[in-house]
Amino acid sequence: MQRSNTYVIVFSAILTIVLGGLLSLANQGLKPMQQRSVELDNKKKILGSVTDLTGKKGKEILQLYDETIESYVVDIEGNKVEKDEKGNPIVAENVNIAKMSKLPPEKRLYPVFCYHSPGNEDDIQAYILPMYGKGLWGAIFGYIALETDMNTIKGISLDHESETPGLGARITSKEVQNRYIGKKIFDDAGTLVSVTMLKGERHPASQLDDHHIDGMSGATLTGNGVNAMIMDYLGYYLKFIEKNRGAANKTASL
Amino acid sequence: MSTETIEKQEVQKKPAEPILSKRRKKFVLDPLSDDNPITIQVLGICSALAVTTQLKPTLTMAISVTFVMVFSNLAISLMRKLIPNRVRIIVQLAVIATLVTLVSEFLKAYQYDMYKELSVFVGLIITNCIVMGRLEAFALANKPWDSILDALGNGAGYSWIILTVAFFRELFGSGSLFGWKVFEAIGFPNFPTNGLMVTSVGAFFILGLIVWVQRIKTGYVER
Numbered sequence: 053m054q055r056s057n058t059y060v061i062v063f064s065a066i067l068t069i070v071l072g073g074l075l076s077l078a079n080q081g082l083k084p085m086q087q088r089s090v091e092l093d094n095k096k097k098i099l100g101s102v103t104d105l106t107g108k109k110g111k112e113i114l115q116l117y118d119e120t121i122e123s124y125v126v127d128i129e130g131n132k133v134e135k136d137e138k139g140n141p142i143v144a145e146n147v148n149i150a151k152m153s154k155l156p157p158e159k160r161l162y163p164v165f166c167y168h169s170p171g172n173e174d175d176i177q178a179y180i181l182p183m184y185g186k187g188l189w190g191a192i193f194g195y196i197a198l199e200t201d202m203n204t205i206k207g208i209s210l211d212h213e214s215e216t217p218g219l220g221a222r223i224t225s226k227e228v229q230n231r232y233i234g235k236k237i238f239d240d241a242g243t244l245v246s247v248t249m250l251k252g253e254r255h256p257a258s259q260l261d262d263h264h265i266d267g268m269s270g271a272t273l274t275g276n277g278v279n280a281m282i283m284d285y286l287g288y289y290l291k292f293i294e295k296n297r298g299a300a301n302k303t304a305s306l
Numbered sequence: 062m063s064t065e066t067i068e069k070q071e072v073q074k075k076p077a078e079p080i081l082s083k084r085r086k087k088f089v090l091d092p093l094s095d096d097n098p099i100t101i102q103v104l105g106i107c108s109a110l111a112v113t114t115q116l117k118p119t120l121t122m123a124i125s126v127t128f129v130m131v132f133s134n135l136a137i138s139l140m141r142k143l144i145p146n147r148v149r150i151i152v153q154l155a156v157i158a159t160l161v162t163l164v165s166e167f168l169k170a171y172q173y174d175m176y177k178e179l180s181v182f183v184g185l186i187i188t189n190c191i192v193m194g195r196l197e198a199f200a201l202a203n204k205p206w207d208s209i210l211d212a213l214g215n216g217a218g219y220s221w222i223i224l225t226v227a228f229f230r231e232l233f234g235s236g237s238l239f240g241w242k243v244f245e246a247i248g249f250p251n252f253p254t255n256g257l258m259v260t261s262v263g264a265f266f267i268l269g270l271i272v273w274v275q276r277i278k279t280g281y282v283e284r
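Same order as they appear, the protein sequences are chains L and H. In this text, residue positions in the first sequence follow the numbering used here: the first is 53, and each later residue adds one. In this text, residue positions in the second sequence follow the numbering used here: the first is 62, and each later residue adds one.
For the record, the hints were derived by calculation from the structure and aren't laboratory data. Backbone N, C-alpha and C fix where the C-beta goes; we use that ideal spot for every residue, glycine too. Any given hint could be a false lead.
[To be verified] Restraint ranges, calculated between C-beta atoms of paired labels, are given here: (1) H:Gln-275 <-> L:Gly-72: 21 to 31 Å; (2) L:Lys-154 <-> H:Gly-240: 28 to 38 Å; (3) H:Lys-86 <-> L:Gly-252: 48 to 58 Å.
Here chain L stands alone, though its shape is the one from the complex:
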């Protein structure tokens, strides 16, 4: 049955309005819940770089976060920044690393998350730094946790936008992330060398020193992305790291 053009246009218009209305309703209604999910996910990743969260529920994680994380923001020189240009206080959790990565490095804000024993802010156990980079297909991001000597890696948590499942996406698995634990980012001379993931998997232990870890078979390009990301962000935080490193060494020598 052939229908007139007017009918077709009116029908399409009504359909579009009804469907569009339905979608915006759902979007508005679900927004608070979605924001909570994103916030929880973010905090999970921050804590995930220093502790094992398996089996913990959302509420417990948020509570643990409040008890053990103190956050602030530094600039590229490693100095604390408390207010933005307009004089509003900056909250480290709200700094969007993905957006920041579009600015030139010296203009960016660098959040720092200090992991301390529950309730005692002076007893810092690790500094957690965010990272953001490019994988093979899309963005990769994560957090690297440094021990108080600012040299040993306490843990790492990595995530990605669209790496290949089973290959590059393995960077989200604990098995791969645990390879970083205990590695060092500075060499004996004190130069930043970072930690590099090798090409290929199952390397003999002799090839894996303080600065090299086993790679992921079939995901060399994702691995390269992770390497570049860690190196870049340790570089950006270098001033901050060196400041705290000096402090740590001083107390040690006293």
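Given chain L's structure and the hints, the job is docking chain H onto it.
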């Protein structure tokens, strides 16, 4: 006069078709095996390969696809006499896309981890040929209840195939089921997992084997 009215009433009282008549049962049961969307019609293969590395995302995907199918079939069937023939494909797409976006939003709000894991594949339900195929082949020409049954049947036919594929892929690829380490539990902590099963290639093998076994049983031959 009076006799005529009685006769008329008798005509009207012709019993309504039972909710699950023999004809309607066929809508649900046929797609499970004899007319399976994946193994016989060979539709929806891409998602069958992509999401089936583990059971949990596969189950979410199966539920999502079935949900989208049931409601899009229902919506199109209700509108079937109103939809102008010339724009029917666009109308179908709009309905499917709306439902898929709803699923995606709900997952983002309540199952964030699952949302991240499935990522693009939820959006790709829109292009799942099974959904649109059922709208075009069935919902446009049939009543709402029949269309719902047809969608449920096809959804179930799709679901059991991808869940079977995922079962074998997760078992041999990761040594677990729904994340539960099977081989550790029965005393083989060093069970060698098969890397092939983790990649899409593994899904092709398993899907091929399922099709093979099924065709031996049903004697179906492609013509």
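* Of the numbered hints stated previously, which ones are contradicted by the structure, given in increasing order? -> 1
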